[in-house]
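Student: As a plain string of letters, each chain reads:
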Amino acid sequence: MSESGYADAQPRMGFFTDTSVCIGCKACEVACKEWNLVPAAGDASDMDLLGLSYDNTGDLGANSWRHVAFVEQQVPASRVDNLGMPAIGAPEQEDEAGVRWLMSSDVCKHCTHAACLDVCPTGALFRTEFDTVVVQPDICNGCGYCVPACPYGVIEKREEDGRAFKCTLCYDRIGDGLEPACAQACPTDSIQYGELDELRERAELRKQALHDDGVTEARLYGDDPDDGVGGDGAFFLLLDEPEAYGLPPDPVVTTRDLPAMWRRAGAAALGVAAAVVASFAGARR
Amino acid sequence: MSREQAMVAPAESRSYYGRPIVKEPAWEQPDVPLYLFLGGTAGASASMAALARATGLPRLARTGTLVAAGGSLASVVALIHDLGRPERFLYMLRVFKPTSPLSVGSWILAPFSALATASAASTLTGRLGPLGTLAGAGTGLLGPAMCTYTAVLLADTATPAWHEGRRELPVLFAGSAAASGAGAALLLVPTTETAPARRLGLAGAAAERAAGHRLEHDLGVVSETYRTGRAGTLLKAGKALTAVGAGLSLLGGRSRLASAAAGAAYLAAGVCTRFGVFAAGVASARDPKYTVIPQRERMARNTKGAPAARGRPS
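Protein chains in written order, with this note's numbering: chain P, 7 to 291; chain C, 3 to 316.
If we strip away everything but chain C, and leave its shape as in the complex, we get:
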């Protein structure tokens, strides 16, 4: 306040009538948050399925294969539905651009969903078993990339909550995807085969919580957007549901019902987390202070000792 009073022409607050500087994400809800959730769930499920097949857990392998195919295909549908020109969806593959996370992502998503579908078709029909296993192994290898590329997709934008959170989002999405993939298995697979899913769920929940905590507290003023409003509500719900899932998976013993409930809680948590992160991005784009303050802070850090700051009289 004292700084402003000392200036010659303070008059306006430092924004243009409080209007946003950057544009809100053009992506629609629920398309894109669902695309994030489904892709991550499919990725973790595919990796689990590949290892389950190799270690002799047939029902976990079968469920993981089907979830990977269903999730990735639904993710593709959500992505296409969000396009302004859906009939041009194949244009996503007309170039490969390393500078575009959406191009890289399309080149991960396309082979993943094709291989996952092939593997699922083999599983369902019982035909071409070796090829199905090979396709399943391929999806298993691509699975981890499916879990995290969407974090770069969001972070490579001028949306303050996402770009400022670029170090945390990959870990958050990895953890959330692992927990959601584990959740699908806990929900659908008998408890005789869910021990790996239980452990993966716990690991995912821990990673998600650690990254979530940093997003909520370590990003300066931008962290507000992860704690308040619609995003705050969704992320708190996600946190609680993750805790419920982890607790039930630990304490439920061999109960099929407890295991299924744990799985459902993990999946619901994944949905809340993805919608919450999306909402934080929207909120951070709407208020210009989330654009201006981090930039002013960066300028102050970078120009310490330097003669003049950019954008100021020189």
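Only chain P is shown next, with the shape it has when bound in the complex:
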């Protein structure tokens, strides 16, 4: 049995998102919306520009199952390659000040130990034969418990619909041997889909290659089966600390602490019972 509960008949499928080659084209966002018929976020007023570099999506949610983050950082000019691109009216930069852009296409992590799935009271969230985590829209009753349970802030209730939605890792495509829409659309192979074991090996090689090239800040995120969620089915190569991309540095599945929490609540309940009994002992008025 695998950690997530499935026997080994079908290999676990996942994403490796190599952010070092992301060019921020957002083809993944568009392909996802089109294939999965994900509606626009909210009303027209939500179409405003966010003013966060080129990011006008903001975060993952019910209506954004891929989200490309644009991180702008001041770095020494020596670290920036001059691409010789034509520029119009570019602001004068100080000698030692360069800018680097980190771009990263974020997605549901399809955790090995998925909090959303654990806390779902109806069984609407389930684990597929590919070890991915999917919401069944005909079961979800919109209780919203999965929303604060997710340590990555991925799943969300669609207000006008009432139910919770998130990435399905294109459950309807991968069953037919297709790759998910975002991976297919990605022009630089920043989003790679495949068997998780193979992706992890490939990611390790890529990290080593970057380190050998002097990009020592390259690190894998979500690849460790011993982390707080048992490893992610969708993991990343990042070029900075996770929180710079809006990712939690050490996420945990809170159900891990559930036995201790129930013991605590049980003890507190016994305390209530004891207090009630004691309050009836002694003088009657």
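Think of the hints as simulated: they come from the structure by calculation, not from any bench.
Take every hint as true, because none was put in to throw you off.
From the derived model, a few chain C residues whose C-beta atoms are all more than 10 Å from chain P:
#1 Arg64
#2 Ala120
#3 Thr127
#4 Leu133
#5 Asp220
#6 Ser225
#7 Glu226
#8 Gly234
#9 Ser257
#10 Arg258
Computed spacing ranges between beta-carbons, pair by pair:
#11 Arg61/C / Ala280/P: 19 to 29 Å
#12 Val27/P / Gly222/C: 32 to 42 Å
#13 Leu56/P / Leu253/C: 53 to 63 Å
#14 Arg229/C / Asp167/P: 33 to 43 Å
#15 Asp167/P / Val97/C: 14 to 24 Å
#16 Leu56/P / Arg258/C: 52 to 62 Å
#17 Gly222/C / Asp203/P: 31 to 41 Å
#18 Tyr60/P / Glu89/C: 38 to 48 Å
#19 Asp167/P / Ser257/C: 46 to 56 Å
Virtual Cβ for every residue (Gly too), placed ideally from N, Cα, C.
Since the structure of chain P is provided, determine the placement of chain C on it from the hints.
Tutor: Relative to the frame of chain P, chain C by itself:
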């Protein structure tokens, strides 16, 4: 600061444009804070009613039975109203999932409210007395669970104020529920029968205060969310109202008016506490620092002596 200056590429503060990492609770106000308050009040009232019936305090038993039924039914209504698909509320009972506190809670709330309603119906109509007493005993046994399961419901989330407070919230909710149940009795029952409620109120107030103090001071940076903003205001009001309730119940003697005022203060305190805890959760989800700092602190503790921290270059 010096650490950041020493790094090669500090540039950004350690967040993505200050945007939240975890999502705010999807639950609506006032539905869910009221659901917490009403369920707890009903639970404590049911246990009191069962013992009052056994020890010959008929008016305390009657009031407790009715509050348990009314409170739990209103709690069910609040929960259903909060669903995105209210017509699917029975889906809550299509599985029993020990990993979901909301599933476990539904399986506590459903029999509790059914038994409480049966007991109240028997009390009001005077029919099927023994069955009503039996149903009342059942609600009395489930009552303490009603008081505390909602603490696990909140604590089993990535909402920093709630998960970091997982050790304190059950005690806080137990105390708050006991005080609120006692408050309902003090408000509605003549003083000849309120001695147990007075004592339960004091015990509940003490437990609530102890747990509240730990939430406000022992959770590191996350404790800020219990002390400041809307949550801070509500919890301070709850604290003051609890003190007023306890004081009036002690010093008011046999005065019906003082007893009723004490009861009202306890109930108001319960409302403030539940809304306050909810608000602390919302505030802690909105600012990414409450997600990042406790995790970084945990990583530093766990990796002392270990070769490399997760999420860092290795």
